[in-house]
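There are 4 protein chains.
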Amino acid sequence: MYSFACDYLEGCHEDVLKALSRTNMVQAPGYGADPFTQKATEKIRQLCRDDAATVHFVTGGTQANQLVIDTVLQPYEGVVAALTGHVNVHEAGAIEFSGHKVLALPSARHDGKLAAADVDAFVKAFYADPNHEHMVFPGMVYVSHPTEYGTLYTAQELRELSEVCHKHHMPLYLDGARLGYGLAAYDTDVTLPLLDELCDVFYIGGTKVGALSGEAIVFPRGVEPKHFLTRIKQHGALSAKGRLIGVQFAALLENDLYFRIGRHAIDMAREIRKIFEEAGCSFFMDSPTNQQFVILENEAIQKLSDYVGFEFWEPYDENHAVVRFASSWATTPEGIEELRKAVALCLPRK
Amino acid sequence: MYSFACDYLEGCHEDVLKALSRTNMVQAPGYGADPFTQKATEKIRQLCRDDAATVHFVTGGTQANQLVIDTVLQPYEGVVAALTGHVNVHEAGAIEFSGHKVLALPSARHDGKLAAADVDAFVKAFYADPNHEHMVFPGMVYVSHPTEYGTLYTAQELRELSEVCHKHHMPLYLDGARLGYGLAAYDTDVTLPLLDELCDVFYIGGTKVGALSGEAIVFPRGVEPKHFLTRIKQHGALSAKGRLIGVQFAALLENDLYFRIGRHAIDMAREIRKIFEEAGCSFFMDSPTNQQFVILENEAIQKLSDYVGFEFWEPYDENHAVVRFASSWATTPEGIEELRKAVALCLPRK
Amino acid sequence: MYSFACDYLEGCHEDVLKALSRTNMVQAPGYGADPFTQKATEKIRQLCRDDAATVHFVTGGTQANQLVIDTVLQPYEGVVAALTGHVNVHEAGAIEFSGHKVLALPSARHDGKLAAADVDAFVKAFYADPNHEHMVFPGMVYVSHPTEYGTLYTAQELRELSEVCHKHHMPLYLDGARLGYGLAAYDTDVTLPLLDELCDVFYIGGTKVGALSGEAIVFPRGVEPKHFLTRIKQHGALSAKGRLIGVQFAALLENDLYFRIGRHAIDMAREIRKIFEEAGCSFFMDSPTNQQFVILENEAIQKLSDYVGFEFWEPYDENHAVVRFASSWATTPEGIEELRKAVALCLPRK
Amino acid sequence: MYSFACDYLEGCHEDVLKALSRTNMVQAPGYGADPFTQKATEKIRQLCRDDAATVHFVTGGTQANQLVIDTVLQPYEGVVAALTGHVNVHEAGAIEFSGHKVLALPSARHDGKLAAADVDAFVKAFYADPNHEHMVFPGMVYVSHPTEYGTLYTAQELRELSEVCHKHHMPLYLDGARLGYGLAAYDTDVTLPLLDELCDVFYIGGTKVGALSGEAIVFPRGVEPKHFLTRIKQHGALSAKGRLIGVQFAALLENDLYFRIGRHAIDMAREIRKIFEEAGCSFFMDSPTNQQFVILENEAIQKLSDYVGFEFWEPYDENHAVVRFASSWATTPEGIEELRKAVALCLPRK
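Protein chains in written order, with my numbering: chain A, 64 to 413; chain B, 64 to 413; chain C, 64 to 413; chain D, 64 to 413.
Treat the hints as calculated values from the structure; they're not laboratory data.
Some hints could be false.
As the list claims (entries may be wrong) - Simulated crosslink set (DSSO-like; lysine-lysine; CA at most 27 Å straight-line):
id	chain 1	residue 1	chain 2	residue 2
1	C	LYS289	C	LYS106
2	C	LYS289	B	LYS81
3	C	LYS289	A	LYS289
4	D	LYS289	B	LYS289
5	A	LYS187	B	LYS337
6	D	LYS404	D	LYS337
7	B	LYS337	B	LYS102
8	B	LYS337	B	LYS366
9	C	LYS106	A	LYS289
10	A	LYS366	A	LYS106
11	B	LYS187	D	LYS289
12	A	LYS81	D	LYS81
Based on the provided sequences and hints, a complete structural model is requested.
Below, the structure is given as structure tokens:
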């Protein structure tokens with residue numbers, strides 16, 4: 064049975080696998096000092112058009128978030144995030160484990176995005192409060208792009224966020240677990256050089272975009288926390304064989320592979336969307352990326368789950384729930400056909 | 064200028080001071096092993112009608128909250144609290160500093176109280192979520208009584224909360240920073256034996272109710288975290304001269320002093336209330352305890368502040384703000400008269 | 064039965080108690096913003112001859128140590144201390160609880176003191192180690208004065224430590240839990256202005272030197288961690304009634320009281336020493352301050368404990384143990400007489 | 064230039080790579096719920112002869128240590144380890160970062176091993192100390208096997224350690240970063256079923272023994288900390304594509320591959336040893352595993368480093384230093400020949 068449950072169902076892109084094979088027996092130093100990691104770093108600098116950027120590779124997204132947030136924040140500071148942000152909801156308290164509060168703002172427009180005006184109002188209210196020295200200082204802003212709901216910021220929205228952040232001396236951090244799918248979306252005006260310009264730190268996600276594991280943390284202009292390597296080690300996040308991630312990123316960033324497979328996923332997601340649209344279904348929100356959130360009757364969900372894999376997201380009303388169908392770099396036309404048949408069978412057009 | 068800014072403006076009740084003088088040169092062992100602390104403990108057991116209760120004395124409220132929450136929770140758990148709860152807002156991230164998330168529920172009725180039904184719904188939704196193993200487990204419930212807005216739970220409300228907590232195997236913790244003012248309120252049916260029955264841990268506040276410092280943490284039926292003394296020490300909360308707090312609580316709990324001075328503050332608060340009512344003012348909420356939250360015009364606030372002390376609380380609308388007038392065990396009739404005159408002068412009845 | 068078990072057996076000096084009485088009903092703002100705290104701060108600045116020094120008052124020694132060390136260190140740093148240092152042994156892991164390692168150096172000369180040369184060698188070896196980025200950086204140095212064994216640094220020793228620290232860009236922190244007894248010792252050349260000159264932070268102990276509670280943390284030249292007040296709150300160490308400690312320190316520092324009662328304790332300790340010397344006993348080490356560590360036969364310890372209070376310190380050999388007799392500001396000549404009789408009875412000169 | 068600097072210089076064993084290729088496009092659920100991880104778990108259960116063992120796979124050794132120690136310890140406990148233990152020296156404070164102290168015992172016999180008698184004496188002294196409630200409780204024991212110096216425990220030594228641990232109710236944890244090389248040594252009587260019997264938790268190292276990444280944490284008899292998956296997530300250690308490690312371990316444990324490549328490394332290490340013995344060199348200690356610590360003149364080190372890779376370990380005396388030559392599953396006979404020539408050239412037999 065073909066599954067659309069998430070975007071980490073398969074191993075890695077075959078070019079990544081080939082690169083791992085090709086380099087396998089080359090001796091190289093550990094802890095990221097290998098030439099493959101160096102090559103991947105150079106690629107990222109070129110793509111970001113920032114020669115001074117520093118790059119560190121870690122294994123997974125929660126690890127990257129915990130590490131970046133803990134090292135960028137001062138101990139008396141918390142991270143401002145959307146109420147629905149991954150760091151606030153789905154990281155088992157990894158941020159608090161490292162001592163920091165998530166200052167969760169209700170996502171005004173219910174699309175998982177943080178609005179610059181909301182951040183501005185929150186920070187102003189904080190400093191206006193005569194008791195603010197007894198409170199957690201807003202120390203940085205976290206956004207995910209695409210968001211947890213597959214939505215995207217526009218360049219203008221990010222620019223406004225960046226301006227608000229810098230006005231208040233707060234670094235802007237962008238979680239790019241699915242950045243490849245965000246950059247490859249149609250009609251987006253967000254690019255790597257733009258992120259490099261507007262953010263103070265962001266990560267380019269590998270695990271969900273063609274790699275076996277790995278996320279590339281980028282500090283634009285090389286402004287990174289002191290002794291960051293030691294902090295990585297302290298967080299248990301330093302790979303002895305750093306090459307594993309370096310080789311993968313070097314392969315993903317060769318010849319636009321990362322962007323090409325991103326676009327493939329977007330195209331597959333459009334097919335998914337069309338299938339459900341044609342079945343007359345509604346969507347929880349309008350996602351231009353690889354995750355599609357469909358509202359289905361509970362009974363239909365039950366039926367459909369015998370034919371195709373997907374993920375329950377959240378209850379919608381008494382009779383309906385939101386379910387997620389995710390495409391990825393690995394989604395096949397055959398999979399899409401299976402979905403089409405299953406939907407036709409289980410959700411006959413009324 | 065007389066001040067109503069808070070309830071910790073003076074030192075301690077004269078009987079407390081006398082007890083400190085009387086016992087001053089008696090030699091006694093440190094770290095809470097002294098006979099005064101033992102006597103205070105016995106008093107609390109009697110008042111709670113719980114011979115098995117264990118009691119530990121610490122210096123302040125945030126310290127008590129951090130210590131209790133950190134030691135009662137498992138590391139994968141967070142504490143459920145009202146959005147307006149002290150631990151969520153005004154403790155500078157002390158809970159997160161010790162590694163735990165505050166799971167903040169919007170206080171449905173905007174009175175600073177947590178409703179049993181809201182807690183129940185939250186916990187049910189948590190366990191119904193297929194991803195809950197990636198989330199922070201709700202591990203205990205925190206309520207303050209009186210709340211940060213001076214409101215009180217009824218015995219019935221606390222009983223429902225206790226039942227919901229225990230249904231879900233979560234300890235119920237009650238922050239009694241101002242418990243003396245809660246117990247002494249008119250028309251309350253909440254008593255110490257009731258708290259002992261319904262809560263798994265609570266503290267009886269001293270600092271704001273007649274002591275120089277000190278809060279008494281009570282574990283009903285003696286069910287306390289293992290090696291609690293070592294945890295107190297580890298939190299930097301163990302007093303070498305534990306007698307300082309022991310002597311004070313022994314004095315406060317002698318001859319109902321704690322309840323008598325609590326009632327005095329309530330009576331003074333009623334006077335405050337009457338003064339503002341007669342001036343035609345509205346209240347932010349209906350508080351039966353020692354804190355009164357009055358809505359005043361910004362201009363009137365400015366004027367009044369030349370004659371009497373009070374605390375700015377939060378903006379209300381463009382032209383109004385909420386201000387707090389707190390009475391305490393120490394409030395004098397002369398102080399009330401000063402307030403009456405100041406209000407008459409600055410807020411002439413329209 | 065008179066006790067010499069420790070130096071926190073009584074309440075506070077009568078002048079401190081009088082000051083508490085005198086100021087008791089004066090209204091004053093909370094959290095250290097009161098005039099008494101301001102006065103105590105000014106006194107400390109004068110005594111240190113440092114107008115720019117900032118001072119913060121907390122309740123106890125472990126609290127002060129945890130707070131200072133956690134706020135002064137970077138997260139990748141640990142604190143260098145003697146193996147026998149209080150922070151390494153007797154604080155229940157309070158330093159590690161806040162995320163930092165104690166880098167314990169064997170105290171070369173077995174007297175509880177840290178030698179500048181040992182610190183220098185340790186730090187040099189650290190930076191010479193090609194793997195040091197995988198290790199905890201030495202970030203500050205902790206010394207106690209008097210040490211846990213009652214010994215004292217000379218001005219020259221402290222100067223050397225200070226030079227080594229600053230050569231390696233490490234702040235020097237001095238734990239002065241018993242500083243009053245150190246400053247009042249005969250033949251010491253260490254003074255408050257000297258500490259202010261050589262240390263980057265130190266605290267003047269109150270709890271063990273005449274106060275009910277309280278330690279004064281001093282940052283010479285006002286160089287203190289950012290948002291220190293918020294950090295105090297976050298550690299649960301901010302007193303609502305900061306006046307309690309402010310009033311006490313203002314009284315202790317008035318008319319040299321702190322130094323006079325320190326000297327009294329030293330004189331009493333000399334009496335203790337003489338009593339045991341005359342009984343032919345040996346001392347574990349030569350202490351010029353208020354703690355005397357005597358080596359006694361286990362049998363004699365047993366006997367003596369029926370007549371006078373003291374503290375078991377550690378086993379010495381099969382038949383002997385080290386016990387501690389501490390004098391304090393409160394030790395009475397009558398107490399000394401009881402000790403004299405008890406020793407005469409239990410340890411007859413052979 | 065061929066390198067013996069460490070045992071993580073190459074990628075992974077070719078059979079591991081083949082398994083990754085073979086399974087690459089199979090869809091499988093995330094977070095360790097995939098069939099490959101299940102298969103690896105079953106293999107480990109068989110090899111340990113423990114059907115009830117639970118197994119969790121994480122990426123690296125420091126991560127495994129931090130996770131296991133933090134989750135097994137109570138918050139008032141520390142981990143007993145050799146002074147030279149990896150957790151005490153080379154993990155950048157990862158243990159303290161999670162709030163726990165490393166209780167470091169001098170390794171009596173200077174071979175990196177912890178003696179049961181030393182642990183017993185330490186724990187007895189702890190509980191005999193009247194102040195032990197103010198100290199960090201010894202909560203578990205950490206040993207590495209092979210140790211950081213390549214030495215091995217005998218079955219008898221481990222059995223004694225296990226007995227002492229359990230007598231004192233402390234779990235025994237064995238860090239098996241290089242376990243493959245320990246199990247494959249000649250003359251060892253330590254086996255996986257023995258570890259399963261004697262330890263309460265241990266990990267089987269992959270990263271240094273043929274895998275690209277991955278360590279298998281084993282809880283014998285299924286006694287594991289509650290909600291361990293959530294704790295893994297909270298530590299940032301849960302892999303979305305858990306399959307990456309599952310596939311690798313399934314391959315490594317197929318047909319004794321893990322043991323065969325371990326033996327290969329041991330044989331290569333013996334060759335290394337012979338080369339230096341024949342050159343008349345001394346060894347820092349007698350290592351039966353893949354790491355050989357040779358004492359060389361500083362001048363010879365300089366020379367040799369032009370011909371072959373190795374790692375500087377620590378200074379020995381003014382003219383000598385200890386250097387490490389590590390073999391691994393990947394060491395080639397050609398590499399050994401290069402070393403032989405280099406040694407002949409640079410260290411001519413006197």
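> Going back to the hint list, which numbers does this structure go against?
Replying inline: The structure breaks hints 2, 5, 7, 9 and 10; every other hint is satisfied.
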